[in-house]
Amino acid sequence: MNVFRILGDLSHLLAMILLLGKIWRSKCCTGISGKSQILFALVFTTRYLDLFTNFISIYNTVMKILWTFSIYLESVAILPQLFMISKTGEAETITTHYLFFLGLYRALYLANWIRRYQTENFYDQIAVVSGVVQTIFYCDFFYLYVTKVLKGKKLSLPMPI
2 MNVFRILGDL SHLLAMILLL GKIWRSKCCT GISGKSQILF ALVFTTRYLD LFTNFISIYN
62 TVMKILWTFS IYLESVAILP QLFMISKTGE AETITTHYLF FLGLYRALYL ANWIRRYQTE
122 NFYDQIAVVS GVVQTIFYCD FFYLYVTKVL KGKKLSLPMP I
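Just so we're aligned, residue 2 is where the sequence shown starts under this note's numbering, counting upward by one.
In short, the hints are calculated from the structure, not lab data. The structure presented is a predicted model; accordingly, all values stated were derived computationally and were not measured. Quick reminder that beta carbons are idealized off the backbone N, C-alpha and C, glycines included. It cannot be assumed that every hint is accurate.
What the hints assert, rightly or not - Okay, derived cross-link-like pairs now, DSSO-like style, lysine-lysine, Cα gap no bigger than 30 Å in a straight line:
(1) K23 - K155
(2) K152 - K23
(3) K155 - K88
(4) K36 - K149
(5) K23 - K36
(6) K155 - K36
(7) K65 - K152
(8) K88 - K28
(9) K28 - K155
(10) K88 - K23
(11) K154 - K36
(12) K36 - K65
(13) K154 - K65
(14) K154 - K88
(15) K154 - K28
(16) K88 - K36
(17) K152 - K28
(18) K23 - K154
(19) K88 - K152
(20) K65 - K149
To be verified - Simulated restraints on C-beta separations:
(21) T89 - Q126: 33 to 41 Å
(22) T94 - I59: 26 to 34 Å
(23) T62 - T89: 39 to 47 Å
(24) T31 - Y124: 35 to 43 Å
(25) S157 - F123: 37 to 45 Å
(26) F45 - I137: 41 to 49 Å
Could you put the whole structure together from the sequences, leaning on the hints where they help?
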């Protein structure tokens, strides 16, 4: 049992619950990037498409390619959301919590891969490189989250003159 993977999955689940709760309560999706949500839908569609069959053939190769594509796409799918926040200069608190838990999910998966390498000698270069790239994209956001949102302030970015 890998605690980092379990915590990462729980963080991802919490991010999705926060997003759905925000949309459900406010009856709108203001502050949420539609482009990011479309990219995430594409990520998980291509990643889990092979669950409907067990046939191993050329199809299996195609599914492995789609899985790899989904891993790479997930690493950059958050960029439209981050660009949207930087363009508007601020984000709602619930949106920042959603983004924090998405980033935490990926950071915990990095810890999962480190642990798997130490205990199982397993290394998936595609997943590790994509996870590092995605976590780097979140680093600036994590800093703002810790210094502003956790202190009860609204997340606002300094706007260029």
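Now for the hints, and whether the structure bears them out:
1. Proposed proximity of K23 and K155 is supported: the alpha carbons are some 16 Å apart, at most 30 Å.
2. At most 30 Å may separate the alpha-carbon atoms for a hinted pair to count; K152 and K23 meet this at roughly 21 Å.
3. Of the pairs offered as hints, the one joining K155 and K88 holds, with about 16 Å between alpha carbons and a cut-off of 30 Å not exceeded.
4. For the suggested pair K36 and K149, the alpha carbons sit about 26 Å apart, so the restraint of at most 30 Å is met.
5. With a CA separation close to 18 Å, the supplied pair K23 and K36 stays within the 30 Å bound.
6. For the suggested pair K155 and K36, the alpha carbons sit about 24 Å apart, so the restraint of at most 30 Å is met.
7. For the hint linking K65 to K152, the alpha-carbon distance of about 43 Å lies beyond 30 Å, and the restraint is violated.
8. Among the hinted pairs, K88 with K28 is consistent with the structure: their alpha-carbon atoms are about 23 Å apart, no more than 30 Å.
9. For a cut-off of 30 Å, the pair hint linking K28 to K155 stands: about 21 Å separates their Cα positions.
10. For the suggested pair K88 and K23, the alpha carbons sit about 21 Å apart, so the restraint of at most 30 Å is met.
11. Annotation: proposed proximity of K154 to K36 holds, straight-line Cα distance about 27 Å (limit 30 Å).
12. Distance hint between K36 and K65 is fulfilled; the C-alpha atoms sit about 25 Å from each other, no more than 30 Å.
13. As the CA atoms of K154 and K65 are separated by approximately 44 Å, the hinted pair breaks the 30 Å bound.
14. With a C-alpha separation of about 19 Å, the suggested pairing of K154 with K88 holds against the 30 Å cut-off.
15. About 24 Å separates the Cα atoms of K154 and K28, which keeps this hinted pair within 30 Å; it holds.
16. At roughly 14 Å between alpha-carbon atoms, K88 and K36 fall within 30 Å of each other, so this suggested pair holds.
17. This hinted pair checks out: K152 and K28 have alpha carbons roughly 27 Å apart, not beyond 30 Å.
18. A distance of roughly 19 Å separates the Cα atoms of K23 and K154; the hinted pair therefore holds under the 30 Å criterion.
19. In summary, the hint linking K88 to K152 is supported, as the alpha carbons are separated by about 23 Å, within the 30 Å threshold.
20. Distance hint between K65 and K149 is unfulfilled; the C-alpha atoms sit about 41 Å from each other, more than 30 Å.
21. Range check, T89 to Q126: Cβ separation about 36 Å, and the 33 to 41 Å hint holds.
22. At about 48 Å, the CB distance of T94 to I59 disagrees with the hint of 26 to 34 Å.
23. Checking the proposed 39 to 47 Å range against T62 and T89 shows it holds: the Cβ atoms sit about 43 Å from each other.
24. The beta-carbon spacing between T31 and Y124, approximately 42 Å, falls within the hinted interval of 35 to 43 Å.
25. For the hinted restraint 37 to 45 Å between S157 and F123, the CB-CB distance of approximately 42 Å keeps it satisfied.
26. Judged by the Cβ atoms, the range 41 to 49 Å given for F45 and I137 is violated: they are separated by roughly 22 Å.
Checked against the numbered hints above, the structure violates hints 7, 13, 20, 22 and 26; every other hint is satisfied.
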